[in-house]
Amino acid sequence: MTNAQVDGEDALGARVRGMVERAIQRGVKSFQYATSGPAKVGLTPKTTLYGRGTLQLYHYKPQVDELYRVPVLMVMATTNKAFVFDLLPGQSMVEFLLKRGFDVFVIDWNAPAPEERGLTLEDYTQDFIPTCIDKVRQVTGQPDVSVIGYCMGGVLSLIYAATHVDGPLRNLVCLTTPIDWKQMGLTTMWNDPRYFDVDQVADTLGVVPADFIRQMFEMQKPAQKLAGQLRVSEQMWNDDFVRSYRAFERWGDETLPLAGEYLRQTTKELSWGNKLFTGELVVGGREAKLANIKAPILSIVAEHDHLAPRDATKPLLDLVGSNDKEEILLKGGHVSLIAGPNAIGRMWPRLERWLAVRSI
Amino acid sequence: MAKDSPPDPAAAFRELVTQWERNINSVANQVMGTESFSRLMQEMQRMQLAVQQATSEAMGRRLAAMNMPTREDVIRVAEKLADVERRLAHIEASLDGSAPVAPPDASSSGRPRTRQPPVEYLQGEKPR
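Chains as they are written, first to last, in the numbering used here: chain V, 2 to 361; chain D, 10 to 137.
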């Protein structure tokens with residue numbers, strides 16, 4: 002028998018042993034998987050600084066002795082919980098920023114109650130965000146604040162910034178934020194005003210149930226859920242993979258309902274009217290022209306984003322009035338841009354670097 | 010001499026799943042990206058909502074006949090309460106002025122805000 006044959010048999014033996022061990026682990030861990038509760042997420046220590054109805058403002062406990070001067074306020078999209086910013090220890094954007102010296106605050110959303118069906122863009126951008134910014138300023142004693150908005154949170158942050166020209170905004174970061182709503186792929190198609198009766202939806206439902214919103218997301222990648230379940234069944238032996246999968250699964254499952262009036266307004270003004278892009282948007286009697294924004298702005302977008310496609314996010318820098326503006330285009334999708342291994346390696350370091358030099 | 014590594018069935022399975030997912034999503038997106046699909050989807054939704062609305066109205070009439078508040082009545086009361094809460098929050102904010110909104114948080118306020126970015130971060134940045 003030659004040496005090559007012996008090596009080949011050793012490798013094959015090792016492979017077979019490994020497969021058998023993993024098969025045993027899969028069996029044992031599948032039982033644990035089936036019998037354990039939901040993933041524990043959002044574990045970074047925090048206090049709830051303020052809450053009112055759907056609005057929650059968290060302050061995370063700093064983790065270093067010396068902080069950057071400017072606090073950071075993160076604004077979550079209105080359709081999902083903010084624990085995607087603080088998914089798991091070691092996979093938390095909040096924890097990452099804290100360890101690098103930022104004082105971090107997060108706006109999270111509760112499911113709107115039936116009596117909050119009348120919430121509008123005015124509530125989010127002229128009340129909730131300014132109130133939270135005031136709270137952050139009071140707690141930190143700092144005159145200005147950096148804002149990071151994710152997806153629709155980015156849209157709300159932009160509208161806030163455009164309507165508070167003299168406001169205390171130090172820096173603005175938009176993550177996967179759609180601007181040209183005519184380029185939103187399937188969402189644009191399904192929102193076609195000839196077929197989609199948003200008035201009927203808002204008037205009948207009041208608060209649009211989470212299932213309605215979740216179906217809209219899941220239909221855009223119909224095989225994703227089953228493929229994820231197949232992957233996790235094969236990777237059941239891998240604790241890190243399973244932990245991460247379950248955290249993301251929980252996040253997707255905890256999609257939030259939307260206030261009907263807010264859905265009506267975003268559909269008519271942003272989707273049908275495309276007014277954020279055209280500069281015609283008026284919120285709370287104030288013109289929300291992106292050209293009004295003068296603060297330094299960073300737009301981080303994903304190459305394979307199916308919810309906020311590249312063509313929808315692209316126009317932002319051309320429309321804002323800021324001199325200090327930058328776009329970073331990264332590989333990944335709508336969620337993997339902000340959480341998971343891609344985010345840890347690609348996005349977070351770029352964000353930290355941009356923000357650090359503008360937070361002193 | 011290059012050695013052939015034995016085949017990895019797990020890797021092949023993962024690749025198969027990825028390909029399957031990609032193909033299904035691609036085909037589904039082609040179907041769902043058509044005008045006829047949008048029209049059909051929204052028509053079904055319209056009918057579902059119409060049934061829901063009719064049921065709700067019938068229930069409302071029965072409750073009214075029994076002199077009981079409907080869901081709509083309860084929501085209206087809750088809306089008024091929410092409005093009072095919102096007004097109180099604004100009054101509270103204006104009374105607060107610049108006072109801290111929460112007890113001073115030693116974990117944050119006790120720390121100096123003098124941190125400077127690493128020198129390499131400043132390279133290539135314009136002076137601000």
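To be clear, the hints were calculated from the coordinates, so they are not data collected in a lab. There could be a bad hint or two in this list.
[To be verified] Dumping the calculated DSS-like pairs for lysine-lysine here, alpha-carbon to alpha-carbon at most 30 angstroms:
id, chain 1, residue 1, chain 2, residue 2
1, V, 315, V, 326
2, V, 226, V, 290
3, D, 89, V, 269
4, V, 326, V, 290
5, D, 89, V, 62
Open item on the list: Are any of the numbered hints broken by this structure? If so, which, sorted upward?
Closed with: The structure conflicts with hints 2 and 5, although it agrees with all the remaining ones.
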